[in-house]
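Q: Below, each chain spelled out in residue letters.
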Amino acid sequence: MTGTNDPTNDEMLVETDVSDGLSAAESSVTDDADIVIESEDINVWYGDDHALTDISMEIPENSVTAMIGPSGCGKSTFLRCINRMNDLIDVARVEGNLTLRGKNVYDDDVDPVALRRRVGMVFQKPNPFPKSIYDNVVYGLKIQGIDGDYDQIVEESLKRAALWDEVKDRLHESGLDLSGGQQQRLCIARAIATDPEVLLMDEPASALDPVATSQIEDLVEELAEDYTVVIVTHNMQQAARISDKTAVFLTGGELVEFDDTQKIFENPESQRVEDYITGKFG
Amino acid sequence: MATEQDSSYAQGFGQVSRTAGLIFRYLLLAATMFGIVTLAVLLVYVANDAIQPLTADAGWHLTFFLTLVLPTILVGGALYRRNREALKLGGMVVGALLVSLMFSGGVAIVFIDIIPPLTGFSYAVGLVVAVAGTVLLTKYERQIPFTARVAATGLLFFLSLFGVPGYFHSIPELVQKAPVVPTDWIILTLVLGGVTALVVGQYIARVREDNKAGLAAGASALVLTALGAIVGPLVGIDANALVVVTAVSFVPTAAYAGGSVITREELKPGLVFAATVIVGALVGAVAVDALGFAGPQAWTDWQFLTSSHSGSAENAGLYPAIGGSILLMVTVAALSFPLGVGAAVYLEEYAPDNRFTRFIDVNISNLAGVPSVVYGLLGLGVFVTYLGQATGTVLIGGATLALLILPIVIISSREAIRSVPNDMRQASYGMGATRWQTVRNVVLPEAFPGILTGTILALGRAIGETAPLIMIGAPNVLFNLPTELSSKVSAMPLQVYAWSSLFASEDFYTKAVPAGVVVLLAVLLAMNSIAIVLRNKYESET
Chain X
1 MTGTNDPTND EMLVETDVSD GLSAAESSVT DDADIVIESE DINVWYGDDH ALTDISMEIP
61 ENSVTAMIGP SGCGKSTFLR CINRMNDLID VARVEGNLTL RGKNVYDDDV DPVALRRRVG
121 MVFQKPNPFP KSIYDNVVYG LKIQGIDGDY DQIVEESLKR AALWDEVKDR LHESGLDLSG
181 GQQQRLCIAR AIATDPEVLL MDEPASALDP VATSQIEDLV EELAEDYTVV IVTHNMQQAA
241 RISDKTAVFL TGGELVEFDD TQKIFENPES QRVEDYITGK FG
Chain Y
1 MATEQDSSYA QGFGQVSRTA GLIFRYLLLA ATMFGIVTLA VLLVYVANDA IQPLTADAGW
61 HLTFFLTLVL PTILVGGALY RRNREALKLG GMVVGALLVS LMFSGGVAIV FIDIIPPLTG
121 FSYAVGLVVA VAGTVLLTKY ERQIPFTARV AATGLLFFLS LFGVPGYFHS IPELVQKAPV
181 VPTDWIILTL VLGGVTALVV GQYIARVRED NKAGLAAGAS ALVLTALGAI VGPLVGIDAN
241 ALVVVTAVSF VPTAAYAGGS VITREELKPG LVFAATVIVG ALVGAVAVDA LGFAGPQAWT
301 DWQFLTSSHS GSAENAGLYP AIGGSILLMV TVAALSFPLG VGAAVYLEEY APDNRFTRFI
361 DVNISNLAGV PSVVYGLLGL GVFVTYLGQA TGTVLIGGAT LALLILPIVI ISSREAIRSV
421 PNDMRQASYG MGATRWQTVR NVVLPEAFPG ILTGTILALG RAIGETAPLI MIGAPNVLFN
481 LPTELSSKVS AMPLQVYAWS SLFASEDFYT KAVPAGVVVL LAVLLAMNSI AIVLRNKYES
541 ET
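So the sequence lines, in the order shown, correspond to chains X and Y. Note that full-length UniProt numbering has the first sequence beginning at 1, numbered continuously upward. Note that full-length UniProt numbering has the second sequence beginning at 1, numbered continuously upward.
Looking at chain X on its own, in the form it has when it is part of the complex (with noise of 0.2 Å):
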């Protein structure tokens, strides 16, 4: 995100394609929507490092909420925020309030392991296991003790995450056979199979090509009507296709900006967040 001050034929494109993108996600959001993640003044330490500041936001149920901003801005870390991922970092250190509905998932009564079977994640690089395609998705449901037919499952979940056509065949080769976004969408599939209350998703599409993404955009969207997403992206133009609420996050592990991501992207309040979202700043 360097070469800033030529207006070259990409600058078109970011604005070209934003429009676009607004009219296929035409705000779905309802302002009574039932808040689903509240983050009250969350700060996080990597060492003496700070990385996040005061971060405060909320997000809503069933719907689309992107994290957008450059590299090393802090976005990421706030996703592993909400699922307590960043417990297994030893340096790291968490400080404020998020809750989940209504609970706080930093309270001490709260174990790390239970709030991640109820908060799903998928993850940058596709990382099934190397196991069969059958056993990738049932891995959530065998390890949280999850009783059903798992058969069942495995094929519905695969289905939701469009990829039941490709491997109906082969289901118990193995997962790592398939193309790249092929194992996204499996990684897709396994953390629905155990059907979290909240996916998260850390720049699901960034390791893949573009026939992949969209696909992958198309499922995104599809699975807000049942969950509640909130995927970090630094791909601008991904965030205003599929997103109903965007976050800019700026150098410094700030929180700019947080609002409907029609108003972020046609009429942002700060100038910094315009400057970043027209290529002038990144």
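Treat the hints with care, since some could be wrong.
As the list claims (entries may be wrong) - According to the in silico footprint, chain Y covers these stretches of chain X (three or more CB under 8 Å from chain Y):
#1 121-129
#2 187-195
#3 233-245
Since the hints were made in silico from the structure, they are not lab data. Just so it is clear, CB atoms sit at the ideal spot from N, CA and C, and this is done for glycine as well.
With chain X held as given, fit chain Y onto it using these hints.
A: This is chain Y only, laid out in the frame that chain X set:
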């Protein structure tokens, strides 16, 4: 000056001297080759003493050259030009046959001479019952809490293998007391052939993607093993030995060859190469026998492998030492594998990064370099003096060697665990898995091939150790196979050491010692080749 520069520009870029670099490069090459060449010369010398190829008739050499060497070169050369992958498969099949033949020798020693077949059978039945019960329990994995399942499994194994004295007979006891027991070869066919048939059946079912084919392959493997035992005695081959060799060597090698060809049709010519080598060797053997050519008067011969020590070098053999080495290996593996892997998992997955962990870290690396004689002293001090065990038994020998290789097992297992991509752990934790679930379901299965490779290489170190065994008072000479954990044990390197020190005479130096070294090295090479094949296989898969 200026004009000189100008002219050199005009001529081109000029030259930069590489003399120092060239000298350095060849010095490095010399350093690389020094150890290998020295060792190779020694080995050729020893092998020449042990096998004495020059004592054979010229006709013997000529016959084998015509039946074995020439066809192998011709077929191999043709394949090398057209289909190298197939040649590789052919070589692998021949290698697998050789290694598995040696392995079957070891299995025969353990399951015929050390453990009487009936005893082995009775424990096998007990194990099968316990495992069947465990499998039944896993069906209810989700209903029964974890601790209850572990306790039930443990109880099941204990009851079926040991029983409760006075109240409840264990299964091995019941089988051994049964009024009618099958003869030895039937037992061996059922136990060894059965295991082989299971493995072969599953392998074929997987490559053919057809359960019926797998069932047929497994059944025919079992029938073949039994058939060998019935036909063998008619042509003068011991039924028990034949069952072991068929089950451990022939059938698995054939299944490997068949399976590889099924998955990759284009590798078929490789089987021609394997057949050329095997048939050539057999035809050569028959031919020299018929023509009356005498083979080399090798010291590493059947007599050497199957008899025990004797006062004269001609009659001396290595048999009890081979059996002792095998028993020691089993004990060492059983002790060092769980301890080593457990420590590695703790240090990699659980241990916090603090002073205590770093202290352990540094010490494990140092322990790997402690001289083996010190471990021998430790074994003597702890097991003999402190715990009051008898000196020189299989148990304390194995325990001492296990301590010796424990640091190596820990270090190589940690290496394997560290090589599991962090993405996989993240994925597992992100699904709401606990640390234990992540370790069990993701980390260990991924790291297992690496752990196994490291352990086999470490066992190779243990099999060659002499000093610790001397320290714990293992006898230099053993005339009978050790049959229990509490029997006195000798080992191959110890026997060789005894021949070259206690019985030092020209005869022993030139005959028994080289023969013993060749056997020891052959076993070591076989173990290392298994480790290397395992590592290559899994490295190419990931």
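Q: Does the region 187-195 of chain X contain three or more residues whose Cβ lies closer than 8 Å to a Cβ of chain Y?
A: holds (count 4)
Q: Are there at least three residues in the region 121-129 of chain X whose beta carbon sits under 8 Å from a beta carbon of chain Y?
A: holds (count 6)
Q: Take the region 233-245 of chain X, compare each residue's beta carbon with every beta carbon of chain Y, and decide whether three or more fall closer than 8 Å.
A: violated (count 0)
Violation of the numbered hints given earlier is confined to hint 3; every other hint is satisfied by the structure.
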